[in-house]
Amino acid sequence: MTRWLPHPLLLPALVILWLVLQESLSLGHIVLGTAIALFALRGLAALKPEKVWIRFTSAIPRLTVMVLGDVVRSNIAVGRIILSRQNPRRRSGFIHVPLEMRSRYGLAVLGIIITATPGTLWMQYDSSRGELLVHVLDLVDEDAWIRLLKDRYERLLMEIFE
Amino acid sequence: MTQAPDLPLWAALLVAFLVLFGASVSLIGTVGLLRLKTFYERMHAPTLGTTVGMASILLASMICFSALQSRIVIHEILIELFVTLTTPVTLMLLSRAALYRDRSEGRERRDKP
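Sequences listed follow chains X and V, in order.
Sequential numbering from 1 applies to the first sequence in the numbering used here.
Sequential numbering from 1 applies to the second sequence in the numbering used here.
It should be emphasised that the hints constitute simulated quantities derived from the structure, not laboratory data.
Note that beta-carbon positions come from the ideal geometry of N, C-alpha and C, so glycine has one too.
Among these hints, one or two may not hold up.
[Unchecked claim] Covered by chain V, according to a simulated footprint, are these stretches of chain X (three or more residues, beta-carbon under 8 Å):
no. : segment
1   : 18-26
2   : 67-78
3   : 82-94
4   : 122-132
[Unchecked claim] Far from chain V by the CB rule (all over 12 Å, computed), these chain X residues:
no. : residue
5   : L32
6   : T34
7   : I36
8   : L41
9   : L44
10  : V52
11  : W53
12  : T57
13  : S58
14  : V97
15  : M101
16  : S103
17  : L148
18  : D151
[What the hints assert, rightly or not] If we take Cβ atoms under 10 Å as the criterion, some of the chain X residues that face chain V in the derived model are:
no. : residue
19  : A108
20  : G111
21  : I112
22  : I114
23  : T115
24  : A116
25  : T117
26  : P118
27  : G119
28  : H135
29  : V136
30  : L137
Kindly generate the complete structure, drawing on both the sequences and the hints.
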């Protein structure tokens, strides 16, 4: 079982992906999708990816809602910065965020969240020191940003992935 | 589009609003590329188009084709999913290249206060 299905969550995910892509729920597509998914998983196994640990807690919906809200809010903030007359007092800059999270999948999701919210950019992650370099467009208070990233996202991500 | 008259009024209005809204948000992001000053600042601007801009255009597409074909069309979600998953790769590549260039030229702390 584990030899054939090292990643049990990926199989249904790939089958659902196939069915949505084909816009069909017919038996033929379910069989074909499963076959393709199994074939793709064999290919993935050759890459020997790290095992995924996901804890299905209330942290997942909480994080999703929070990120969606933050994306909309930061879209408005960045749009306002672009459209308003250039304020010479506004400054952008780098912040160093010390992370406790070591899970590679958690870090990947954090990377997606940080890049998907306009106004923050993932620059570089130093895995030996666990330090993340983030570029912030509207840097008012460095510590506030660090607290925001750690309290809002890292804590929930660690609940899910570690 | 020959099917356009078949679209009920509520759907037409909603779709038109969402398409225009998404296009405007993407336009603002593009204007940002022009108006912001440094390379790092400019990299923030296109994210508007890949998040809210794209989402509302895709939502418009879902509503439009669901109303026209009288069934739920949701495969646009996959576009959203794949764009969201792949943008960070490009952005990280760009930002690391910029960081590398600045460090090799000894300008690392330029953006720092």
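What are the numbers of the hints the structure violates, in ascending order? Violated hints: none; all satisfied.
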